[in-house]
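Peer 1: Quick note, the sequences are listed as chains A, B and C, same order.
Take the first sequence: its position 204, counted from the start at 1, is 203 in numbering that gives the first Met the number 0, and no numbers get skipped.
Take the second sequence: its position 98, counted from the start at 1, is 97 in numbering that gives the first Met the number 0, and no numbers get skipped.
Take the third sequence: its position 89, counted from the start at 1, is 88 in numbering that gives the first Met the number 0, and no numbers get skipped.
For the record, the hints were derived by calculation from the structure and aren't laboratory data.
Please note that the accuracy of each hint is not assured.
Heads up, simulated EDC-like pairs for lysine to aspartate or glutamate below, C-alpha to C-alpha not over 16 Å straight-line [claimed, not checked]:
#1 K279/C <-> E308/C
#2 K323/C <-> E308/C
#3 K164/B <-> D394/C
#4 K216/A <-> E247/A
#5 K425/C <-> D373/C
#6 K50/C <-> D101/C
#7 K205/A <-> D339/C
#8 K164/B <-> E222/C
#9 K182/C <-> D277/C
#10 K164/B <-> E389/C
#11 K219/A <-> D229/A
#12 K197/C <-> E178/C
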Amino acid sequence: MNAVIFLVILGGALGFVIALAAKAFAVKTDPRVEEVEELLPQANCGACGYAGCAEFARALVEGEATPENCPVSSPDEVQQIASVLGVSLGERLEKVAVVRCGGDNRLANWNANYNGILDCRSANLVAGGTKACQYGCLGLGTCARACPFDAIEITPHGLAVVHPDVCTGCGKCVAACPRNLIELVPKDAPLHNLCNNPEKGAQSRKVCDVSCIACQKCVKSAEEGQMYMDGFIARVNYENPPSADLAEVCPTKCLQPSLLVKQSMPALEHREEAQQEEEVANA
Amino acid sequence: MEEQGYFALIIGAILVNNFVLTRFLGLCPFFGVSKRLDTALGMCGAVLFVLTLASGVTAAINQHVLLPGAPLLQADLSYLQTIVFILVIASLVQLVELTMQRFSPPLHRALGIYLPLITTNCAVLGAAVLCAQNDYGIMKSAVFGAASAIGFALALILFASLREKLDLAQIPTCMEGAAIAFITAGILAMVFMGFAGLGG
Amino acid sequence: MPKQAKFHGGIHPPEAKVTGAFEIQTAPLLETYVVPLQQHIGAPCNVLVKKKDTVRRGQLIAEPGGFVSAGIHAPTSGTISAVTTCTGPAGASVPAVELTSDGDDTPDDTLTPMDDWQNSAPDDLKKRIADAGIVGMGGAAFPTHVKLSPPPAKPIDLLVINGVECEPCLTADHRLMLEDPDKVLTGTQIIARILGCKKVIIGIENNKPDAIELMQTKAEKLEMEVAPLKVRYPQGAEKQLIYAVSGRRVPTGGLPMDVGAVVQNVGTAAAVAEAVLDGKPLYERITTITGTPVVKPGNWRLRVGTPLEAALTLAKGVHNDPAKIIFGGPMMGLAVYSLDVPIIKSTSGILLLNSDETSEFTSGPCIGCGQCVDVCPMNIMPGTLSVQIENERFDLAEAWHAMDCIECGCCAYMCPTYRPLVHHLKRAKAEIVARRKAEQNK
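Next comes chain A alone, as it looks inside the complex (with noise of 0.2 Å):
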């Protein structure tokens, strides 16, 4: 009996000396932030440009921001916190990351060993690497290690490459690179300019197998608006973009169907010889 009567007492005690502290401190909290935090991600990795998942879940509470700047969800998940949010939403483009560069080490010219860093940014502070292309991929791989979700792929021959079923489309690349070569495009887009060599064409040439010499093919090719030149280089409109087929025109092939469009296009046929080639000097 006198156990009991003890606990409850101490119980007791303790308890109302709690209920005064929680009141003195008191923090208010909106439920839904724990709520909306559940939802996201939790791959923290600031694409945001908040400080984590936990911080974008207040952000979005408190009305800073909207649920599309979260470009890791999926758009259903997206619409779940918007209607945990009681907000609506306009209709969202789901974007992949795009290394605009093709020209892998079989392909681009090489004019000097690198025997640094292995990193893009520090290769880039001197002389810029091996390759003669001074806008090209280097190779290294820092896009890579940015990745929160490795979806960068460098290739055996040198060439970052981004899986666009694995891409969120976050840019966490597209800040790393130290030649902003990495585009943020539309997922559906059928085919990109592999190429970000603003040099004449007769230049570019020189240094690269693959790179865009503004011949304008594609442009004449294309119906009106689908293409376009911005200096040297053709760009895809992605917001009316044309048919994959259109990379057929292309003489270089540096215009190439995006990676989700089927591998076996003949447009690809170009590193596949360069791959045999290699295997048959190899050999």
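Given the structure of chain A, go ahead and fit chains B and C onto it with the hints provided.
Peer 2: Leaving out everything else, chains B and C in the frame of chain A:
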């Protein structure tokens, strides 16, 4: 004699019988929050507060209420020791958590689950039980609690600093993270074995 | 003779100054020059000429793009055959002007000699230096007129003239001091007049005893001091030189002007004298062409825009294909990969190396030996920093004073595991600067 007793008690709790590295108590926060030095320091503060107060308060309750022949309740309630101690510790932890949430939300977030887990932390309960076992008075218990907390802080800060350096080191992939942390903790414990003969 | 203070760290690599006894030769006129439009630290230039324009020697072809910038002048008279790009010594493609010589080398007379410089206003002299496009000739190519414009809050009481030439292999400054000491000293007087400072110390390393002796006899009459310095690399770095000759320590993150000092290279002093006395803008410089593969190493007066290939022809070509070509000295120079790279205002040397003199190595992890710390003249910890930088902890690197690094290369020279320490630090500095900028823009 009394003075010396306190000195030996403090040195013993901090170095010779370090809670973490010799008694292996309180390992959960030791591994959980030692990734960064600043969160480790926050944890040290919380543990110092809880451990000192808990040791003192539980010693008081033990002496005045629970032990047979205690002044407030004659009956032998010592079988209630564990549950009462936990009750006291839990309330203290709750207090710390409320204060921290109010005054340092980032630290609160960084400590995460490890803060409420101090409740069931064997170091805190261990200190209380040890005090009861050794019949330390209220004052002595509080000092023992504080010294133990300092010992815990010493171990945690050392370990957190090491782990911050480890973070930068090249470690074989299979050993990354917890594996190398355990090995480091083991070596650190061996270092503390060196204090074993101190003060008899 | 002032007592020499010993700066911390430093190394003594083999000097290999084989061209020290060879007189400066003047290069014959070439048919074409490719003049890069970015030859200095600071804002890029705006080109003033277009294709088919005719220019005269010394005519301004690109105007400075800001205060921290220097104009670029035509190396000879002729026609602009193209406004293009070329590969610069730093490896990146830079805008350039291709100039076809007409063979007459007609001088431009925009800049007239200022015979009465002793009585000219310092601001006029400064303006002349800016108009002549003079930059630091030691290698950094920092616009000289900027360095000579300290804020009034920081009075200058010490001018240090840098004749140290601590880089191995290079002898351009050495030969200049021997062959044209009067020009160097006149330039020094002009600079001292601009700064309004009385005390002038000329620092020369004591592996050039002939230059020390000559400069000492000449400088005595002008009340300047010559300080012979014990050979040690990087004594020619501003902060180390100031400490060596005066014992003043430039605080971390500070500039020489914070301790009331300005350092100028002997080459810069000579260029200043030429600009003021002859009205000649900076379009040529003395360059050492050296290295084992070179048939006839020597010191040449080369015009800016001389392609590397033409410069090597002057040295009678090479015995064998070099493994590496470096613009500058072996410690701080930059390797180039194309023979089209032109000489610019800061090219103090062209060094060719055989394959047995270069090494390809794989670097290991930092073993914490501390040799880099021992030799670092800036008292930072390159090994620790490199580990932090490898982990992209630039916040830590900044806290550990990565920005103090002068990229002298002593640490990498010493590292037993061949870590590319300077490269790491270069990266960190670029990254920290970018971060600071981003923070400012916020």
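Peer 1: With reference to the structure, classify each hint as holding or not holding.
Peer 2: Now the hints, each set against the structure:
With a C-alpha separation of about 26 Å, the suggested pairing of K279/C with E308/C is violated against the 16 Å cut-off. Restraint check for K323/C and E308/C: satisfied, since their Cα atoms lie roughly 14 Å apart, inside the 16 Å limit. For the proposed pair K164/B and D394/C, the alpha carbon gap of about 14 Å is at most 16 Å, so the pair holds. As the CA atoms of K216/A and E247/A are separated by approximately 10 Å, the hinted pair is consistent with the 16 Å bound.
For the proposed pair K425/C and D373/C, the alpha carbon gap of about 20 Å is over 16 Å, so the pair is violated. The straight-line distance between the Cα atoms of K50/C and D101/C is roughly 15 Å, inside the 16 Å bound, and the hint therefore holds. Pair hint K205/A plus D339/C holds up; C-alpha atoms about 15 Å apart against a cutoff of 16 Å. Restraint check for K164/B and E222/C: not satisfied, since their Cα atoms lie roughly 55 Å apart, outside the 16 Å limit.
Taking the CA atoms of K182/C and D277/C, the gap is about 11 Å. The hint holds against a cut of 16 Å. The hinted pair formed by K164/B and E389/C meets the criterion: a straight-line CA distance of about 13 Å does not exceed 16 Å. Distance check on the hinted pair: K219/A and D229/A sit about 14 Å apart at the alpha-carbon level, within 16 Å; holds. Between the alpha carbons of K197/C and E178/C the distance comes to roughly 26 Å, so the proposed pair goes past 16 Å and is violated.
In the structure shown, a violation is registered for the earlier hints numbered 1, 5, 8 and 12, in ascending order.
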